[in-house]
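Colleague: Sequence:
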Amino acid sequence: MAIFFIIFFVVYGSANFYLIYRGLEALTGYPVLKIIYSVVFIVAALSYIFTRFVNERLPEGLYDFLLWVGSLWFAFMLYFFLWVIFIDLLRLANYIIPFFPAFVKDNIAVTKIITFSVVLVSTCVIVFAGYLNTRKINMKTIEITAAKGSADIDSLNIVMASDFHLTPVNDGKLLKQIVEKMNSLKPDIILLPGDIVDEKGKILDRKKIGAAFEKLKPKYGIYASTGNHEYISGVKQGIEYMERHGINVLRDTSIKIDDKFYIAAREDRSKNNFSKSKRKTINEVLTGVDKNYPIILLDHTPLQLEEAMNNDITLQLSGHTHHGQMFPINLITKAIYEISWGYLKKGNTHYYVSSGVGTWGPPVRLGSRSEIVNIKIKFE
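Our numbering numbers the first residue of the sequence shown as 71 and each following residue consecutively.
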């Protein structure tokens, strides 16, 4: 985990240095604009990191403001960076084979400020469009058929959502909307495969962000597994917070539901980095489980999918990937994961990897959609 944070800070710092340097270069001849740009840039770039260190010690209003600014900056930085790279590639191409018109060559200062303005405005438009996209939650329905074995069950109506990332950004207002949509599906059971909370409980309690969970009343209850962000923000506090709001968090264990099917849940693989003990294998999690009954597994990160198939899992539910959340990151998640988003079947095991109902960092989605998944199982 230490290596991850070192890489993050090196990449984040380098990208921001490059952007502030190129921005100041474009504003040559405009000293007042350079000062304004520098101040805004530095505050925005440091806001998110600052809130992670000070947490609830900041006044609530200031904390929320800096968190919003810092979160949106990740998206702004990404598309600002892509624009600058594109422009620099054009400059390189022009250096090799000159093609810029005479106006550009004869009016460098004017060209720079016009280009800067276009990049700034277009980046703001892109980020705003991505923000609006996150507020449109897609309702996706999947119908599958599975063996009932010895179970006395004909069908099961599951509502699944992952990656809420509850914070003052993904707040109680958004959660209320999510809960209303979930209830409209009349679920038998609600399953949440990780990354439910992304803040310390004290901060979430200040705004009663998780209160809407208590309005969920599925027949068989609400079950969740841990995700990497439960560990990053403090797994003990996170689990206590969820359980106070009616969510049963299963940790490397399984439970039989109404003598009809099993819910099993693995600890997120982050446990191996945050704890002295390692998470259990699927085989260990299923100790004592009668495999003649349907088994639904919650495993936050969709890696090594064959493990579920080899252990006779009926359905594995995962999240984590966000399907990249913002283009072109979805191209990276597609390369890393066997399935970055959607449905897959291997052998007799069904898999669904959700793009998530919330967002990490910026409340922005481009190239992906927030979703609630309704999985209808017919048992034969």
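Calculated directly from the structure, the hints in this document are not laboratory data.
Any given hint could be a false lead.
Cβ-Cβ distance ranges computed for the label pairs, FRET-style [to be verified]:
id	residue 1	residue 2	range
1	L152	F123	44 to 54 Å
2	F87	N208	29 to 39 Å
3	P101	E284	49 to 59 Å
4	N253	G417	31 to 41 Å
5	F344	P101	44 to 54 Å
6	F79	E213	18 to 28 Å
7	N342	K246	49 to 59 Å
8	M209	T185	18 to 28 Å
9	E284	V102	22 to 32 Å
10	G131	A405	12 to 22 Å
11	K206	N362	41 to 51 Å
12	L116	F74	18 to 28 Å
All C-beta atoms in this analysis are idealised placements derived from N, C-alpha and C, irrespective of residue type, glycine included.
Colleague: If a hint holds in the structure, say so; if it doesn't, say that too.
Modeller: Structure-based check of each hint:
no.	hint	result
1	L152 - F123: 44 to 54 Å	violated (29 Å)
2	F87 - N208: 29 to 39 Å	holds (37 Å)
3	P101 - E284: 49 to 59 Å	holds (55 Å)
4	N253 - G417: 31 to 41 Å	holds (34 Å)
5	F344 - P101: 44 to 54 Å	holds (48 Å)
6	F79 - E213: 18 to 28 Å	violated (45 Å)
7	N342 - K246: 49 to 59 Å	violated (35 Å)
8	M209 - T185: 18 to 28 Å	violated (42 Å)
9	E284 - V102: 22 to 32 Å	violated (52 Å)
10	G131 - A405: 12 to 22 Å	violated (41 Å)
11	K206 - N362: 41 to 51 Å	holds (42 Å)
12	L116 - F74: 18 to 28 Å	holds (20 Å)
Checked against the numbered hints above, the structure breaks hints 1, 6, 7, 8, 9, 10 and satisfies the rest.
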